[in-house]
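Generate the whole structure from the sequences, applying the supplied hints.
Chains as they are written, first to last, in the working numbering: chain V, 1 to 157; chain D, 158 to 351.
Read the hints as simulated data drawn from the structure, not as lab findings. Even glycine gets a Cβ: it sits at the ideal position worked out from N, Cα and C. Hints are supplied without guarantee of correctness; some may be wrong.
To be verified - Covered, in the sense of this in silico footprint (three residues per stretch, anywhere, with C-beta under 8 angstroms from a C-beta of chain D), are these stretches of chain V:
(1) 28–34
(2) 49–62
(3) 132–139
As the list claims (entries may be wrong) - Distance windows between CB atoms, simulated:
(4) Asn131(V) x Cys350(D): 40 to 50 angstroms
(5) Ile287(D) x Glu146(V): 38 to 48 angstroms
(6) Asn117(V) x Gln225(D): 52 to 62 angstroms
(7) Leu281(D) x Asn117(V): 44 to 54 angstroms
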Amino acid sequence: MSLKQYIYVGIGKAEWSKAPDVLICKGLGSCVAVCLYDEVKKIGCIIHILLPNGEDTDKPYLFANSGIKTALKEGVKKGMNRDRVWAKIVGGACVFSGIENNTIGMRNITEVKRWLNFFKIPIISEDVGGNYGRNVTFYLENGKVEVFSFKKGVILL
Amino acid sequence: MNQAKKNDILKELFNIGIGNATIALNKIIGIPVMISVPEVFFIPIDEAIEKLGPLDKRVISFYINISQGINASVLIVMDEDIAKCIVELMLKKEVNIDSDFFVNVLQEFANILTSHFINTISNLLKKRIILSVPKYARDMEGAIVDVVFADHQDKTLKVLFVTTELILKEARKMSFILIPNEDSVNEILENICH
Chain V
1 MSLKQYIYVG IGKAEWSKAP DVLICKGLGS CVAVCLYDEV KKIGCIIHIL
51 LPNGEDTDKP YLFANSGIKT ALKEGVKKGM NRDRVWAKIV GGACVFSGIE
101 NNTIGMRNIT EVKRWLNFFK IPIISEDVGG NYGRNVTFYL ENGKVEVFSF
151 KKGVILL
Chain D
158 MNQAKKNDIL KELFNIGIGN ATIALNKIIG IPVMISVPEV FFIPIDEAIE
208 KLGPLDKRVI SFYINISQGI NASVLIVMDE DIAKCIVELM LKKEVNIDSD
258 FFVNVLQEFA NILTSHFINT ISNLLKKRII LSVPKYARDM EGAIVDVVFA
308 DHQDKTLKVL FVTTELILKE ARKMSFILIP NEDSVNEILE NICH
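Structure follows, in structure tokens:
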């Protein structure tokens, strides 16, 4: 049996791994963490998306459009089956009151949902929006996602 | 003008502004305030967010938009213990960190600090500059900074910001960050080098 590893996913990055590893994303504000998981193979990833749209070939995971596309390609290489994959999404908040309308966070959520829908990946649960930051811990053993915030404590998705 | 020279001018302007703001701060709280040498960064947005500190650390922050004059924002980020220390020094008593009163006092503090800073710059540029009311947040540092920087990135996904640390007593530090937009930097430089 392999040892459990805790893997930190930085801003504008994505990490793929398999059970029993744990993926971690810290301090999500307007960023969105897209957790993709294949239940049979028990492999999954977090994409730490910062911006809704754009093009940067060096850092595809900064954006919703190129991030999801590249991560799925990478996932297939790692042995994931595209038909079995589901997604859980977390983030897209705006911590400052008074600028809630049309924030980067809201645009991030809309774009992430649009692109997941485009690639026919079902979103089985989400914890998005609001005015508080979140930490995400993704357990690849069972596909559970733990969301921590100072406002609401721990929520399991 | 090359980028290094631009940065130097920006740094000096910032230095004069923050110097004056610190004098005002010193008068309010009555203890010496030290400032570190300002640093200018023009780096990719993802590096910029990670540069400012641990992403999940709980901090208190004020975000002030400049609504007229120049196109820029000011972000003040402080630890909870320095916030408590400032409020205590201002009121000479302890106040509960969760109360509205605490937030209001601190907001006033942010207002005074930023107004002095902007007043100096406004005088130097001979320009009328108007500030918005400071927006308050108490949350994870990463969550605060990513919202602010995502608002200010340029076409090449880089952020320009000038930052300094204000040091009160032992090692209590607070970051004061100016995030000017590209067009306003050119305007400032033209104004000064004229």
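Consistency of the hints with the structure:
no.: 1; hint: 28–34; result: holds (count 4)
no.: 2; hint: 49–62; result: holds (count 6)
no.: 3; hint: 132–139; result: holds (count 4)
no.: 4; hint: Asn131(V) x Cys350(D): 40 to 50 angstroms; result: holds (42 angstroms)
no.: 5; hint: Ile287(D) x Glu146(V): 38 to 48 angstroms; result: holds (44 angstroms)
no.: 6; hint: Asn117(V) x Gln225(D): 52 to 62 angstroms; result: violated (41 angstroms)
no.: 7; hint: Leu281(D) x Asn117(V): 44 to 54 angstroms; result: holds (52 angstroms)
Hint violations for this structure: number 6 only, all remaining hints satisfied.
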